[in-house]
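Student: Let's have the full structure, built from the sequences with the hints guiding it.
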Amino acid sequence: MIKHISYMPNDNSIEEFKRNKEVLSELGITEIETIISDYCPEEVFKNIPIGGVHILYFPSWLDIWKGNKENIFEDFKTDEPYGIKSKEEFVNIFKEQFRLAKEYNAKYMVFHVSHVRPGDIFTLSYDYSDEEVIEATIELINTVFTEDGPPLLIENLPWPGFDLRNEELTLNFLNKINYKNKGIMMDFSHYICLNKNLNNYDEGAIYIKNELNKLPKLKSLIKGIHLNGSISKEYLSNDFNPSLKKWQGSSQIDRYQIETTHIKNIDKHDIFKSEIISEVIRDLNPEFLVYELSYSSLEDLIDRVKIQNTFLNFI
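Count along the sequence shown from 1, then add 6; that gives the number in this note's numbering.
Since the hints were made in silico from the structure, they are not lab data.
There may be inaccurate statements among the hints.
As the list claims (entries may be wrong) - Dumping the calculated SDA-like pairs for lysine to any residue here, alpha-carbon to alpha-carbon at most 20 Å:
id : residue 1 : residue 2
1  : K186      : E174
2  : K252      : L130
3  : K91       : G73
4  : K182      : P157
5  : K215      : K229
6  : K75       : A142
7  : K24       : P55
8  : K83       : K252
9  : K279      : I308
10 : K225      : I287
11 : K9        : S280
12 : K9        : N271
13 : K229      : L180
Tutor: And the structure:
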């Protein structure tokens, strides 16, 4: 089992990794999973240990794909969401991400399969289905990933698309992807963060364990795990209508801040505080175990990994 941390580097990361190389090695972590993009200088990416490449993700992308300009303008107050001018430009962004993953000799790539309109994260009501998102994703993936490359691991999310609950839908989805080197990256926080019935992480681990037992054909396809958690019952009991109204009346910059705060309260990427989760991980026996935890610095992330390990009896 190869262990990675999920980390977004910064201008100081070369020195950060030099400074923490020994402690990371002691934890059995020699590489990171990260997004490669222009938020950080190329020199940094080339001088830090990258093992997994998380492909860029655009949460509200389906309307770009379908050319639904009415929805785009309603959600973004522009006809160029994320600065993207066309479907062709959208495809080229992903082709460049694929090229970078190969250039950096990634051991795997992570690909989000989901679509959610910004306002719908408050209502949790959607007018688009898992099937609709998946069909568009198949078209996108088969357009972009046309050459051999690292394993493409499909990640579950709590929004419409791929939520890792419907075995038949998932198998059909994977079978329609032409790219041969593929599998699943299971994100624990995404799997439980919208469950209003979970009171603690023990209940969360038992829930994951029981749900996976209903998906026997999928378990062997789970090649990686994003180890994290979120018990969000208390937050989800709130009335989000005031937040939605505030979002609707805000500038695009302020909208983004409102969305981000809301999402972080739902999907906390917290330490999974249950020893029962060890049973789930051992049963899946993934090739990659990625500590995808919230953090304020590399040192803070290392401290959180150490705490997470106290709940893992196989470490």
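Student: If a hint holds in the structure, say so; if it doesn't, say that too.
Tutor: Taking the hints in turn, this is what the structure says about them:
1. K186 / E174: The given pair, whose Cα atoms are some 19 Å apart, holds under the 20 Å limit.
2. K252 / L130: holds (17 Å)
3. K91 / G73: holds (11 Å)
4. K182 / P157: holds (16 Å)
5. K215 / K229: Given that 20 Å is the threshold and the Cα spacing comes to 16 Å, the pair holds.
6. K75 / A142: holds (17 Å)
7. K24 / P55: Satisfied, since the Cα-Cα distance of roughly 10 Å is no more than 20 Å.
8. K83 / K252: Judged against 20 Å, a Cα distance of about 15 Å means the pair holds.
9. K279 / I308: Between K279 and I308 the Cα gap is close to 16 Å, so the pair holds against 20 Å.
10. K225 / I287: holds (11 Å)
11. K9 / S280: holds (19 Å)
12. K9 / N271: violated (27 Å)
13. K229 / L180: Satisfied, since the Cα-Cα distance of roughly 14 Å is no more than 20 Å.
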